[in-house]
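Undergrad: For chain A, the structure is supplied; the task is to place chain B on it using the hints.
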Amino acid sequence: MLARDWRGGELGVLLVALVLAVGVVSGISAFATRLQNALTQESHRFLAADLVARSSRALPGEWLQGAAQRGVATARTLTFPSMVFAGDDSMQLAAIKAVSDEYPLRGELTYSEQPFGAVLPAAGGPARGEVWLESRLFPLLDVAIGDQVSIGEATFTVAAAARTEPDQAASFGGYGPRLLMHYDDIPATGVVQPGSRVEYRQLYAAAPPLLASFRGWLEPQLEDSQSLLDVSEGQPGIGRALARAERFLLLAGSLAVVLAGVAIALAARRFSERHTDYVAIMKSLGATSQRINRLYAGSLLLLGLLATALGCLLGWSIQALFFGLFAEQMPVQPGASGPGPYAVGAATALTCLLCFAWPPLRRLGLASPLRVLRRDVPEENRRSLADYLVGLLAVSLLMWWYSGDLQLTLAVLAGLAITVVLGLGLALTLLRGGRLVGMSAGSIWRLALAGLQRRGTANAMQVVIFAMAIMLLLVLVLVRTSLIDAWQTQLPQGTPNHFMINIGPEEVQAVDQMLRSQDIASEPLYPMIRGRIMAVNGDELPRSDDLQANRRQRESNFTWSDTLPPGNRLIAGQWWPVQTDAALVSLEREFAERMGIQVGDTVDFLVGAQPLQAQVANLRELDWQTMQPNFFLVFPPRLLADYPATFMTSFYLAPGDKTFLNRFIRAFPTVTVIEMDVVVEQIRSIVNQVSAAVELVLAVILAAGALVLIAGVQSSVDARMHESAILRALGARRGLVLGGLFIEFAAMGLFAGLLATVAAELSVYILQQWVMEMRYTPSPWIWPLGIGAGVALIGGLGVFSCRRVVSSPPVALLRAL
Amino acid sequence: MAGTELEILKGITLEIKSGEAVAIVGASGSGKSTLLGLLAGLDEASGGRVVIGDTDLGELDEDGRALFRGRHVGFVFQSFQLLPALTALENVMLPLELQGQAKAREQAGEFLQRVGLGARMQHYPRQMSGGEQQRVAIARAFAAQPSILFADEPTGNLDTHTGAHIIDLLFELNREEGTTLVLVTHDETLAQRCERRLVLAAGELVAA
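Sequence lines, in order, name chains A and B. Each residue of the first sequence is one higher than the one before, counting from 1 in the working numbering. Each residue of the second sequence is one higher than the one before, counting from 1001 in the working numbering.
The shape of chain A in the complex, shown without the other chains (with noise of 0.2 Å):
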């Protein structure tokens, strides 16, 4: 039956939608679970290790030990800063970083041949009795690869150029220049005694529940000098961005669930509608309608096989093809996701199959036999609001179960709710608006509006599904658009890539000529001040060596300005006046919240050995996320005019021009420069992919929403098909006809477009105000994109699809029908 049946064209509508949504959601799961996978390694990545326990004094050999026992890798590092001498007069504080043989445990070190050269990827740190250099260290030392450097007592071969490890952000505490060395060369140096300034810590990795004993088994031991961090440290910029396209894909994903949902139904009622008169003669042959049931619910079961065997081949395919685009950018290899993403596709067939396809066609069974004999016997195929309400719990679960995010699910449900409640007043405002006589064939307008009228209810229901169909697909490219474009905006061509701190207040104007002179784009010089938060109110705030405190005494960096910081946007307060001699001062807001400090508060600092009063003037918003230097505490610059401060820039250097460091380091010998190139390149590379990914995704999507709009068109051509057969018998042109068809299907478009653009604009409200996080700005182009999508693409395929009636002879349809 399967078999005859695919002529009639709706099985294949059914079986390509039933594919898709098992191909999209399986294959965006999928990519989903990897990318979280990859993710999770990432972050990991930054530590260098999945724990990490650190001191300043040394850490127990017991916890190595108890590590291994369990199955726990494990490495050691430690950090200090220390006189670097080469030669007979060069020498150079730098920060000084030993590392064991297992390290890194997690991401890659990285090392070049020269200072500056090709990054090559190292399979492990300096070897014994070798160092390897920050590019910058070797003019300042003025040594070159394969001379010898010394560290206290002992002298090392400087052996190659050190340019990345995992864990940099964290030993990035502005002392210097860099120099790895192995850990087992310190003794010899006889540089790190007790007291120094110093940091030690084991690195610990493992899978999850390993890790998770081993973890229970160490908290209990760590004194209060010893602290555990952990991936929950705040992710890397390109966390933010990857979790972001996350949730547009699976928001793509629970749109592909709805938006099948809905062809499905739409051609099982079809196919049940031109079954009817099939199940009339069978039944009349002596068929029970339990027989009849069961031979449909047989010939669906084997449809809802096929099509999970081929949705989950699709969308493996479709995983297959994002890591195929990601595989270079990818710093990890993601993870395996295992079956569970294709159990994913393999339910949500079987709940499309059996709460869209099964009740039209469990009512074949109930058809009447009389249909053999007299034609106007009532299809028994109407379906009940029950049915839709099932459908529609059914498409909620299933987005809810499938995004695991009730918000999402909310806001597209929003969406749908005022597609089908703005479509419904459409409706009645048709039915109610006096009914235009007969066909009024007199004029191709007159013709259309009056179809239009005529099916005033089936149309109001056709353009409903129309508006939900382009509505998703609006709300898809809105949130694809927004996302790529804040990517974009945070990254920009000629973003900073370069940080230069500890200028001294006699070199700003000579540096700032000498970046100039080279064209160099840079941010403004901004004046630092390192200082302590003390008090709040006069309440002095807890000493605490736990970073997690909140509320605690802390260094920060402070910086002066009469106006408001670029990028930086004022929710709360005032701005103070140019030149004011008041002690005020702004806050970063979360900043501001952590410490529980508000506008007019009195906050005590000490800078140096001076105490400083301020009270805080107003509150700060600012993006992390740019490469911009922000602070958390802003001045007006008389108030601190008399503290001694170092002042900082970031710039950005095109890559053939990293020679220009050499020579500015050689002019500007103390300050230091902080390479961020490689960073700001990989996230850019990550950016790129990720959106390459959403463009795909929205692609497969767009095909999903076609299917749809194909299914709506084809469930109303029976009766489009058989009115205009009449007309032309009855002598009406080819142009009256097709026109009459695209007026009509275009009109419909055009309530659908409309429709589908108020809701999509609500929806991508609610989601990016909620779900994604990102400011809303409204988007007027999608007004005529949505309106015009909608009556080209309905009014293309509506004609399309009664192509035939203009191409045969009406004698020909007229049998047919």
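What the hints contain is simulated information worked out from the structure, not anything from laboratory work. Hints may be right or wrong, so weigh each one.
Far from chain B, some chain A residues (derived; all Cβ distances over 10 Å) [to be verified]: (1) G365; (2) V390; (3) W400; (4) P577; (5) A654; (6) H722; (7) E723; (8) A732; (9) G739; (10) A792; (11) L797; (12) F800.
The following label-pair restraints were derived from C-beta to C-beta distances [unchecked claim]: (13) A:L306 x B:V1206: 28 to 36 Å; (14) B:S1129 x A:L424: 43 to 51 Å; (15) B:S1028 x A:R291: 28 to 36 Å.
The beta carbon of each residue, even a glycine, is placed where N, CA and C say it ideally should be.
TA: Leaving out everything else, chain B in the frame of chain A:
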């Protein structure tokens, strides 16, 4: 279509005079309906010519034939072919509207009165019996005042009594309007009421 071409009608030459009533009879599959479709310009012949008045239908394209049908030809089908979404009155108005007639409503109403359905103008086809539906179809066919009317088994879906009533109506209107009538039928009594009988067997005209 199963690959090979079928020749349904072979070497048929016939002339029907204006105002004449002609019955085409023959067994199922003899080609009666095909011939009717060709004569009425509802179908395109693969060979030969159909000339109505001065017009050679073969020289017209589909739109030309549509215009011609609208102006000169009326139809009554075995399965009525009424539009379910239109009332009886609207169904009858349809060909008049296609011709752009200003008084379509009045004229349609008049013809419905003449077939005895004056009281049921606002009813939909599904609310009517088969005989009533066929009467609406007859009113629709005559309302446009065609010069030639084609009827395909007009009583095929009706019981004998209703069928007889429909035939009476058909001939009565035919006489009043002076229309040429061509009908395809199995019904011998119906055929006998025509002035001429054309007998088709296996696509060939065997008696005229």
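Undergrad: Against chain B, does V390 of chain A hold up as non-interface, every C-beta pair farther apart than 10 Å?
TA: Correct as stated: the minimum Cβ-Cβ distance to chain B is 30 Å, above 10 Å.
Undergrad: So is F800 of chain A really clear of chain B, every C-beta pair being over 10 Å apart?
TA: It holds; F800 of chain A is separated from chain B by about 19 Å at its closest Cβ, greater than 10 Å.
Undergrad: Hey, is A654 of chain A genuinely clear of chain B, shortest beta carbon separation above 10 Å?
TA: Holds: least Cβ distance 67 Å, greater than 10 Å.
Undergrad: Does the claim that E723 of chain A lies outside the interface with chain B hold up, using a Cβ gap greater than 10 Å?
TA: With a cut-off of 10 Å, E723 of chain A comes too close to chain B, as the shortest Cβ separation is near 6 Å.
Undergrad: Decide, holds or violated, for the assertion that all CB atoms of chain B are farther than 10 Å from the CB of A732 of chain A.
TA: violated, 5 Å
Undergrad: Are all C-beta atoms of chain B more than 10 Å from that of P577 of chain A?
TA: At roughly 75 Å from the nearest Cβ of chain B, P577 of chain A sits farther out than 10 Å, so the non-interface label holds.
Undergrad: Verify that the Cβ of G365 of chain A lies farther than 10 Å from every Cβ atom of chain B, and report whether the claim holds or is violated.
TA: Given a closest Cβ separation of 23 Å, the condition holds.
Undergrad: Mind checking the hinted window 43 to 51 Å against the Cβ distance between S1129 of chain B and L424 of chain A?
TA: violated, 36 Å
Undergrad: Could you let me know if the closest chain B CB is still more than 10 Å away from the CB of H722 of chain A?
TA: The assertion about H722 of chain A is violated, with a minimum of 7 Å to chain B.
Undergrad: Can we trust that L797 of chain A is non-interface, i.e. its beta-carbon lies farther than 10 Å from all of chain B?
TA: Fine: 22 Å to the nearest Cβ keeps L797 of chain A off the interface.
Undergrad: Can we confirm that no CB of chain B comes within 10 Å of the CB of G739 of chain A?
TA: At about 12 Å from chain B, G739 of chain A clears the 10 Å cut-off, so the statement holds.
Undergrad: Starting from the range 28 to 36 Å, see whether the pair S1028 of chain B and R291 of chain A falls in it by beta-carbon distance.
TA: holds, 32 Å
Checked against the numbered hints given earlier, this structure breaks hints 6, 7, 8, 13 and 14; the rest are met.
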